[in-house]
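Spelled out from the first residue to the last, the chains are:
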Amino acid sequence: MKGSGEREYILSVLARNNPGVLLRIAGLFSRRCYNILSIVASQTENTEYSRILIVVSGDDRIVNQVDKQLCKLVDIEEVNVLDRNKAVVREHLLLKVERTLQNSEKLVQIAGVFHANILSVTPDSMIVELTGDAGTINSFIELYTPYHVLKILRTGSMAMSIGKNF
Amino acid sequence: MLLTGAQIVMECLLEQGVDTVFGYPGGAVLNLYDALYEYRDRIRHIRTCHEQAAAHAADGYARASGKIGVCIATSGPGATNLVTGIATAYMDSVPVVAITGNVARGLLGLDSFQEVDITGITMPVTKHNYLVRDVEDLADTLRSAFRIAGSWRKGPVLVDIPKDVTAQKTEFTPCRPVPPEEPPLPDEECFLRAAALLQKSERPFFYCGGGVISSGASNEARRFAEKIDAPVACSLMCQGGYDQRDERYMGMLGMHGTKVSAEAIRNCDLFVAAGTRFSDRVLCSAGSFAEGRPILQIDIDAAEFGKNLPVSLSLKGDVKAVLAKLAGMLPQQKHTAWMAQVRGWKRRYPLRQTGAPGEVLPQDVLETLCRLTEGEAVLTTEVGQHQMWAAQYYTFRRPRQFLTSGGLGTMGYGLGAAIGAQLARPGSRVVNIAGDGSFHMNCAELSTLARCRLPVVELIFDNSVLGMVRQWQKLFYGGRFSQTDLGGGTDYALLANAFGVKALKIETKDEIEPVLRQALALREPVLIDCVISRDQNVLPMVPAGGSVEDPMLTMPSNLSKEESH
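Going down the list, the protein sequences come from chains A and B. FYI, numbering that gives the first Met the number 0 numbers position 126 of the first sequence as 125, with every residue one higher than the one before it. FYI, numbering that gives the first Met the number 0 numbers position 356 of the second sequence as 355, with every residue one higher than the one before it.
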């Protein structure tokens with residue numbers, strides 16, 4: 000349950016690729032009792048740096064604290080709290096669903112509606128992938144739920160601010 | 000020049016102006032200790048009895064001198080023994096560089112003998128830490144460690160060096176240390192808004208925290224207080240940061256603050272805080288702290304703004320520079336009525352301990368000590384009632400005179416810190432104020448005092464109980480004194496003598512002055528067993544959940560059983 004004023008924030012963190020940097024970030028969140036909803040880390044165009052996208056739940060005060068505490072970590076270069084209205088937010092999903100003779104056509108149809116890719120089909124299972132915002136992914140999963148979903152993997156949010164200078 | 004990793008460590012220490020280190024040898028630091036032997040004419044190494052004391056000594060050295068303290072320990076247990084000391088330094092923002100050995104790189108991660116992931120363990124209690132995997136990185140890593148420890152908000156940094164890295168050789172190029180970068184000042188608009196708030200205020204309250212001492216801002220704080228014509232209170236960490244003989248000084252603020260500070264905060268119309276993080280021991284109940292009054296906070300660490308308390312205006316920058324600039328912007332303020340009111344409270348609410356006739360009161364002991372040392376001694380403390388009494392009853396004049404574990408509250412801190420302080424300031428009288436409980440945590444360090452001939456006075460307030468915990472049990476646990484009666488089985492004189500330390504005893508009021516005089520006249524380590532009543536409490540006190548504006552001045556006659564912390 001989220002308290003009043005609690006919402007999700009996306010932090011985009013640029014960090015030097017030193018050993019343990021992800022541990023430092025994760026440790027900071029856990030010891031200061033901030034909630035990580037998802038975290039995505041990857042190398043940037045410059046291999047000395049990683050970009051880490053963290054979705055946090057909290058209120059303005061908490062996210063303000065997270066921001067400032069992160070900035071104090073020596074390996075962290077910059078922290079941006081992204082504005083959802085001025086950013087592209089995407090998640091990636093892999094979903095494996097049980098396939099039967101009766102439902103196979105239905106499964107392909109749902110994938111078609113979402114322009115999802117079918118990556119693998121076996122007589123008893125099918126893997127589909129979808130990229131989209133969290134809402135799209137949620138409804139996609141919901142539509143497959145009646146057909147016995149076997150496994151779900153989602154990356155957590157990646158986000159990029161819009162415009163040349165951000 | 001071609002040097003081993005261990006020699007590079009020594010060269011880097013010299014580069015940083017380090018001439019004293021504290022530590023304890025062991026397998027993984029054999030190479031480092033071999034280099035210490037080679038460099039023994041330039042680097043003095045003080046071996047404690049336990050690595051924890053080495054960390055506290057490095058911390059005490061740093062607090063007493065303003066320089067960076069250095070401690071060294073071996074891998075595994077040596078490194079973990081440092082952790083409490085590192086955490087103590089971290090909580091109080093003390094610049095320390097801890098150097099640990101680790102097993103050779105080929106043995107890392109294999110659960111090798113005396114292997115521990117000390118960088119993982121100390122991540123939450125250091126500003127930063129390093130595991131040096133290549134001797135090529137060693138010198139620059141150590142330089143960064145010193146730079147990080149001593150700049151901005153200071154703190155401990157740990158450098159873990161595998162044993163084979165200390166043996167590897169590489170070309171070493173000396174390098175002059177870079178002066179710490181000057182933090183930028185807040186923008187002009189912030190200053191103008193602050194100045195406007197200050198000029199509008201008729202009853203300002205100026206509150207100084209440990210940041211005033213670590214940024215060397217005592218003079219600026221005094222001039223600022225004069226300029227805004229405000230009374231001043233200090234946190235536990237800022238004892239001595241403001242001259243306590245000054246008529247503006249009201250005492251501590253917080254759980255064991257003075258009634259004068261409490262009255263002033265209740266009546267002020269602006270609260271100005273410099274270099275403080277508003278710990279829960281100061282705020283008491285955050286919701287009722289200076290409620291409805293604007294708060295102006297000055298700090299180097301932006302994360303302290305709004306962390307525990309919402310503030311009206313924050314100025315991010317070095318406290319010294321900000322106070323100087325702010326004072327320069329303001330015309331002289333005059334709050335005659337307000338200052339008269341504060342003087343009235345000071346007359347009305349002096350701190351006064353009471354007891355049976357002839358009873359040895361900690362207040363009398365500390366005030367006598369203050370008089371005999373002309374207020375110039377360096378006091379270290381352990382943690383508990385004696386710590387609060389030391390803060391309350393010794394009149395500190397200067398920064399770096401009172402060294403105490405405020406944030407972590409580490410029992411066992413004081414004796415180690417006293418070792419460091421005495422080495423940092425050989426000309427000063429160093430007195431460790433201890434309780435008998437805390438004393439037992441680190442008493443082996445008496446042998447370090449004796450071996451190094453450090454003329455530290457170990458003054459034990461001996462009440463045979465864990466007084467502070469017992470006070471809480473008295474107040475909130477219906478007098479069920481669970482595990483706080485120490486039984487008083489220790490013969491302090493025998494113990495001290497066994498270590499080669501002289502021992503004296505205070506049992507009556509009349510003995511206070513002669514015994515203290517005698518101890519201070521000896522230029523060698525001495526222990527004073529000062530027997531006090533177990534029923535002496537620390538007052539004033541704001542009980543859990545209470546408001547800082549409303550401290551209890553006496554113990555309630557009917558002690559409540561309901562409350563708990």
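The hints are simulated quantities; they were obtained by calculation from the structure and are not laboratory data. A hint or two may mislead.
[What the hints assert, rightly or not] Straight line, CA to CA, 20 Å or less: simulated EDC-like cross-link-like pairs of lysine to aspartate or glutamate: (1) 306/B to 44/A; (2) 168/B to 201/B; (3) 150/A to 180/B; (4) 71/A to 135/B.
[As the list claims (entries may be wrong)] Restraint-style ranges between C-beta atoms, simulated for each label pair: (5) 168/B to 41/A: 24 to 32 Å; (6) 112/A to 188/B: 48 to 56 Å; (7) 26/A to 268/B: 22 to 30 Å; (8) 118/A to 184/B: 52 to 60 Å.
All values reported here derive from a predicted model rather than from experimental measurement. Cβ coordinates follow ideal geometry from the N, Cα and C atoms, glycine included.
Going down the list of hints, with the structure as the test:
At most 20 Å may separate the alpha-carbon atoms for a hinted pair to count; residue 306/B and residue 44/A exceed this at roughly 35 Å. As the CA atoms of residue 168/B and residue 201/B are separated by approximately 66 Å, the hinted pair breaks the 20 Å bound. Among the hinted pairs, residue 150/A with residue 180/B is inconsistent with the structure: their alpha-carbon atoms are about 53 Å apart, more than 20 Å. At roughly 27 Å between alpha-carbon atoms, residue 71/A and residue 135/B are farther apart than 20 Å, so this suggested pair is violated.
Evaluation of the 24 to 32 Å hint for residue 168/B and residue 41/A yields a failure: the beta carbon distance comes to about 38 Å. At about 54 Å, the beta-carbon gap between residue 112/A and residue 188/B stays in the expected band of 48 to 56 Å. Evaluation of the 22 to 30 Å hint for residue 26/A and residue 268/B yields a failure: the beta carbon distance comes to about 42 Å. Look at residue 118/A against residue 184/B: about 57 Å separates their beta carbons, and that is inside 52 to 60 Å.
This entry does not satisfy hints 1, 2, 3, 4, 5, 7, going by the numbered hints stated previously.
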